[in-house]
Amino acid sequence: MVKAIVGANWGDEGKGKITDMLAKESDIVVRFQGGANAGHTIINNYGKFALHTLPSGVFYDHTTSIIGNGVALNIPVLMKEIQSLLDRDVPMPKILISDRAQMVMPYHILLDEYEEARLAGKSFGSTKSGIAPFYSDKYAKIGFQVSELYDEEALKEKVERICLQKNVLMEHLYHKPLLNPEEIYNTLMEYKSMVAPYVCDTSLYLHNALKEGKTVLLEGQLGSLKDPDHGIYPMVTSSSTLAAYGAIGAGIPPYEIKEIITVVKAYSSAVGAGAFVSEIFGDEAEELRRRGGDGGEYGATTGRPRRVGWLDLVATKYGCRMQGTTDVAFTVLDVLGYLDEIPVCVGYEIDGEVTTDFPTTSQLEKAKPVLKVLPGWKCEIRGIKKYEDLPENCRKYVEFVEEQIGYPIRLISNGPGRDEIIYRGFEGKTE
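Numbering (numbering that gives the first Met the number 0), first residue to last: 0 to 430.
Hints were generated in silico from the structure; no laboratory data involved.
One or more of the hints may lead you astray.
Heads up, simulated DSS-like pairs for lysine-lysine below, C-alpha to C-alpha not over 30 Å straight-line [unchecked claim]:
| no. | residue 1 | residue 2 |
| --- | --- | --- |
| 1 | LYS367 | LYS385 |
| 2 | LYS210 | LYS157 |
| 3 | LYS140 | LYS175 |
| 4 | LYS47 | LYS377 |
| 5 | LYS257 | LYS157 |
| 6 | LYS371 | LYS385 |
| 7 | LYS367 | LYS395 |
| 8 | LYS367 | LYS384 |
| 9 | LYS365 | LYS377 |
| 10 | LYS93 | LYS47 |
| 11 | LYS93 | LYS175 |
| 12 | LYS175 | LYS137 |
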């Protein structure tokens, strides 16, 4: 049985907590795309953690955590992350790394920084983690796959060839120091020794696990609107954020994915540049940012303040559709308890016409939010375990959102703790 957990919007929907909860019931958790450029915040008995590459199953001794072939693998960052768990008394997790995963190289990070600086005011708001240069190289077929570390002669020749190409950019476009092939080869040999204990054919491992009836959780990074095909291009990430890509990024057949839990936030937030129709500003935004998420709305990887806004139902309906949602997990509902009234974006006005369908980027840039105001519930809802016990206006908010997006809200998160969750007909659970 394979489930996928993905985001409906710009990422940062609170997937970490829901993933942690679902990982508890899984045998294997797979990261299937993206790199260390975004993070999941998880709060558990060991403390508060921001995971960047590791799947959220690493806190359970019964799970195997897989870094899939679709991941942008930054080996030193991964090793540091593993060590940071051990330093805080988390038992060593069982980790497998796909032999087909490709590696983020130090020059990918440099190229990312140089390009953002060159673009200046027209930059993409990159986290400068090397993700775009990494995926560019992957698809230009000049990336390094983990399996290539084991053929040293071929590797040496490839390093020389790639340095020749990259140094044209370094010298003539960026006016920066040239890459040294020997240094890069030595770095790759260091990487080889670091990952050696973990490397295997993870696709075959998953194939056998599924034959044995094991439960697999596919964990995505970011959300639908950051997908390079279906998101707010070009202000997107460089790998597909959709559940469908989980099959490719993990190396399993698409028909194995039976449930797609899509995480939706009770208000909106976004990291990085790009169209954000329901965005709010000033004191109103600062208050929501300060109260939001656990510890406020600041990026798990960068620490930078997130852009915030009211819940955008046009974007959310679209995001859920693109994911192939079977169940919605609705997060940070407790944050909205301070508001007398809660605005919600129910449509976009573009050139004088109102639409409820999510458009392409050029149209999106012109869109103005059509807001509907719902009454607030003005109280704390943390600690409530049953849906029926939520205040009436809170239930009305959930039901309005569900009706507008057209997908069932089965899980409601009403606090940052892993047990602060309300089940609403999810897998027959009634707690």
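The hints, checked one at a time:
Proposed proximity of LYS367 and LYS385 is contradicted: the alpha carbons are some 37 Å apart, above 30 Å. A hinted pair counts as satisfied when its Cα atoms are at most 30 Å apart, and LYS210 with LYS157 does not qualify at roughly 38 Å. Proximity of LYS140 to LYS175 is assessed by CA-CA distance (about 24 Å); at most 30 Å being required, the pair is judged to hold. Note on LYS47 and LYS377: the hinted pairing holds, with a Cα-Cα distance of about 28 Å set against a maximum of 30 Å.
Simply put, LYS257 and LYS157 have alpha-carbon atoms about 41 Å apart, too far for the 30 Å limit, and the pair is violated. Between LYS371 and LYS385 the alpha-carbon distance is near 27 Å, which keeps this suggested pair within the 30 Å criterion. As the CA atoms of LYS367 and LYS395 are separated by approximately 25 Å, the hinted pair is consistent with the 30 Å bound. For the given pair, LYS367 sits about 37 Å from LYS384 by alpha-carbon distance, which is inconsistent with the 30 Å threshold.
This hinted pair does not check out: LYS365 and LYS377 have alpha carbons roughly 34 Å apart, beyond 30 Å. About 20 Å separates the Cα atoms of LYS93 and LYS47, which keeps this hinted pair within 30 Å; it holds. Under the criterion of a C-alpha separation no larger than 30 Å, the hint pairing LYS93 with LYS175 is inconsistent with the structure, at around 41 Å. Of the pairs offered as hints, the one joining LYS175 and LYS137 holds, with about 23 Å between alpha carbons and a cut-off of 30 Å not exceeded.
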